[in-house]
Amino acid sequence: MSTKGFAAVLSRMKLITGTTTDAELSYALKISPQTLSSWKGRNSTPYSLCIDLAVRYEVSLDWLLLGNGPRCWLTCIPDATATDEQAEDWETQLLNQLRTLGPLDRQAIAIAVKEKQHIRQLERQVEALSKKLHINP
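Note that UniProt numbering has the sequence shown beginning at 1, numbered continuously upward.
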């Protein structure tokens, strides 16, 4: 793996683990900082670790290793049958992703969320009025 490719893999590892420094990443991976430094010196990382991370964080191995395709598997977004723990894991991952964005991107996302909440509020009001008037929306 090239130095550039290895650095990109490390960046994606930091992204999914919610870490920003090599020391934090080594702690999250449960390895010594010296081990991480050794990987950096050799420009390589054990594929078994990447597979474990992909499974644990439900990310695509293609995305983790190559930066190709979608980051998440379909299971990244919890559905109605998700357990509380799965939903919390998803929320934590989402928050970690948000923290990696710049202020303008975070502001744009906040605006989109507010707009979606406003639309849902309006939909509830229309439904309530329709019920009062006995109209099917």
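Please note: incorrect hints may appear among the correct ones.
[Stated by the list, open to error] In silico lysine-lysine, DSBU-like type, Cα no more than 30 angstroms apart, as pairs:
1) K116 / K132
2) K40 / K14
3) K131 / K114
Since the hints were made in silico from the structure, they are not lab data.
Against the structure, the hints come out as follows:
1. At most 30 angstroms may separate the alpha-carbon atoms for a hinted pair to count; K116 and K132 meet this at roughly 25 angstroms.
2. This hinted pair checks out: K40 and K14 have alpha carbons roughly 14 angstroms apart, not beyond 30 angstroms.
3. Restraint check: the Cα-Cα separation between K131 and K114 comes to about 26 angstroms, which is no more than 30 angstroms; the hinted pair holds.
The structure shown violates none of the earlier numbered hints.
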